[in-house]
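Chemist: What follows is the residue order along each chain.
Protein chains: 2
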Amino acid sequence: MHENKYLAIYHDLVSRIRRGEWKAYDKLPSEHELAARFETSRETIRKALNLLSEHGYIQKMKGKGSIVLDVGKYDFPVSGLVSFKELAQTMKQPVRTIVHELAVIKPDGELKQQLRASSKDEVWKVVRVREIGGERIILDKDFFLKKHVPLLTEEICEDSIYEYLETTLHLPISFAKKEMSVDAATEEDRRYLDLNGDDRVVVVKNYVYLSDATLFQYTESRHRLDKFRFVDFARRK
Amino acid sequence: MHENKYLAIYHDLVSRIRRGEWKAYDKLPSEHELAARFETSRETIRKALNLLSEHGYIQKMKGKGSIVLDVGKYDFPVSGLVSFKELAQTMKQPVRTIVHELAVIKPDGELKQQLRASSKDEVWKVVRVREIGGERIILDKDFFLKKHVPLLTEEICEDSIYEYLETTLHLPISFAKKEMSVDAATEEDRRYLDLNGDDRVVVVKNYVYLSDATLFQYTESRHRLDKFRFVDFARRK
DNA sequence: CAGTGGTCTAGACCACACG
DNA sequence: GTGTGGTCTAGACCACTGT
Numbered sequence: 001m002h003e004n005k006y007l008a009i010y011h012d013l014v015s016r017i018r019r020g021e022w023k024a025y026d027k028l029p030s031e032h033e034l035a036a037r038f039e040t041s042r043e044t045i046r047k048a049l050n051l052l053s054e055h056g057y058i059q060k061m062k063g064k065g066s067i068v069l070d071v072g073k074y075d076f077p078v079s080g081l082v083s084f085k086e087l088a089q090t091m092k093q094p095v096r097t098i099v100h101e102l103a104v105i106k107p108d109g110e111l112k113q114q115l116r117a118s119s120k121d122e123v124w125k126v127v128r129v130r131e132i133g134g135e136r137i138i139l140d141k142d143f144f145l146k147k148h149v150p151l152l153t154e155e156i157c158e159d160s161i162y163e164y165l166e167t168t169l170h171l172p173i174s175f176a177k178k179e180m181s182v183d184a185a186t187e188e189d190r191r192y193l194d195l196n197g198d199d200r201v202v203v204v205k206n207y208v209y210l211s212d213a214t215l216f217q218y219t220e221s222r223h224r225l226d227k228f229r230f231v232d233f234a235r236r237k
Numbered sequence: 001m002h003e004n005k006y007l008a009i010y011h012d013l014v015s016r017i018r019r020g021e022w023k024a025y026d027k028l029p030s031e032h033e034l035a036a037r038f039e040t041s042r043e044t045i046r047k048a049l050n051l052l053s054e055h056g057y058i059q060k061m062k063g064k065g066s067i068v069l070d071v072g073k074y075d076f077p078v079s080g081l082v083s084f085k086e087l088a089q090t091m092k093q094p095v096r097t098i099v100h101e102l103a104v105i106k107p108d109g110e111l112k113q114q115l116r117a118s119s120k121d122e123v124w125k126v127v128r129v130r131e132i133g134g135e136r137i138i139l140d141k142d143f144f145l146k147k148h149v150p151l152l153t154e155e156i157c158e159d160s161i162y163e164y165l166e167t168t169l170h171l172p173i174s175f176a177k178k179e180m181s182v183d184a185a186t187e188e189d190r191r192y193l194d195l196n197g198d199d200r201v202v203v204v205k206n207y208v209y210l211s212d213a214t215l216f217q218y219t220e221s222r223h224r225l226d227k228f229r230f231v232d233f234a235r236r237k
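Chains A and B supply the protein sequences, listed in that same order.
Sequential numbering from 1 applies to the first sequence in the UniProt record's numbering.
Sequential numbering from 1 applies to the second sequence in the UniProt record's numbering.
No lab work stands behind these hints: they were computed from the structure.
Some hints here could point you the wrong way.
Pairs involving identical chains hold if they fit within one copy or between any two copies, as the list cannot separate such chains.
Unchecked claim - List of simulated lysine-lysine pairs, DSS-like, C-alpha gap at most 25 Å: (1) Lys-47 with Lys-5; (2) Lys-177 with Lys-227; (3) Lys-227 with Lys-141; (4) Lys-64 with Lys-147.
Starting from the given sequences, assemble the full structure and let the hints guide the process.
Modeler: Next up, the structure:
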């Protein structure tokens, strides 16, 4: 496993910050100083620092230096592509995934359009419920183009589909477009979730693209209103 | 007004893409070619292309080239700090801002904590309603530390507070943390908004920081459920 | 193989902050 | 003034993609 120099420096600095080597509002060493310490060029240090900045670890100030922030260490994930398994690992509550449906289907009108699929394409349909603290909170409906994902099993769906796609199939998942809104709850929502009488759910629609910019997955995540929470760290452009 | 070379190139390429000089899935010229065309170095071109990539305009592919995407041209804003006025300009519906309250207050317990203010700090409180297509949809409650914002008028609040802060006061707004959730509607929500009987609202809490990492604004944006929509473009790290 | 984007270097000059 | 981060250059080598 080979890691880029700037990524290695980024990870090194992240772990130092997390370990408390620098506390919030402490100044980092200057870029010149860091370049000498890591025996590299300043531009490479700057790549690492820009990553830290984008991820909310530091704030850079022209003419002054870079200071460590205290946001960004908590409340992960920030905006980004994060799978439920990665998210679950940061939570205290016990979580469980129940697979309700796992089948190959022919996409119909709306779904075909969403996946930009042709009539000949076959599509995996996966319906899962996420249980958190004993309550059924999230209904996940995933659709994959079968030409990209030849095999799926119940075991994979109970673990992490993302992990399987990336580490086993080596699919180059690259970017996604998310849309969030509040919609009326369907009969399916009422059947699979503990809605406590709510007639609405938060719907997160996720369009996932590969690195050649082809769409290969459409996911609809339906959350119980009172348990929904989304955190986003954003920099002014 | 001086603009950096890589920013100028970025803006040039954005406008060419928006004008349709390259269509979706077209290949951009290679970085080498662009460097020659813009009479600059490849690293500078790469800075511009990375901006295009981050903003969802292009997809870079090692060994192949960069292609133009069709997401990112619509559905603005993507995740980011965007003021209501900027957002309104991209909408078709007529919008209006009504200022209900504009006062200097002493922060009480919860607010003091949220703004990390001391008992001596004075705080601007602004309550505004956003009307879209004739309906009162969004209730915005803004709190600014007065030491950063000496003067606020009703005219400024009806226009764009952000514009005033950035272009007139030159406050270096730098980053923000957003939290979204669905909460019970308050008496205030029912009074100011056309809720149509809903007993919940989408709450977006926004903590805004200056470039020296000091918090100076807390905003709570309360949206009617059925009109709430949030779009996010995210790249896999 | 040639062409592409990804990383890295060792410098340079600039704008900004602070004493 | 010194020191900081921001930009820019002209090269280099690498890994990947296509033919």
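Chemist: All hints are to be evaluated individually against the structure, with a verdict given for each.
Modeler: Hints and how they fare:
1. Taking identical chains as interchangeable, the C-alpha atoms of Lys-47 and Lys-5 lie at most 25 Å apart whether they share a chain (10 Å) or sit on different chains (19 Å).
2. In this assembly of identical chains, Lys-177 and Lys-227 lie within 25 Å of each other by CA distance both inside one copy and across copies; the values are 22 Å within and 19 Å between.
3. When the C-alpha separation of Lys-227 and Lys-141 is checked against a cutoff of 25 Å, the pair qualifies both within a copy, at 18 Å, and between copies, at 23 Å.
4. Within a single copy, Lys-64 and Lys-147 get their C-alpha atoms only as close as 53 Å, which misses the 25 Å cut-off; across copies the closest is 22 Å, which meets it.
Comparing the model with each earlier hint shows no violations; every hint is respected.
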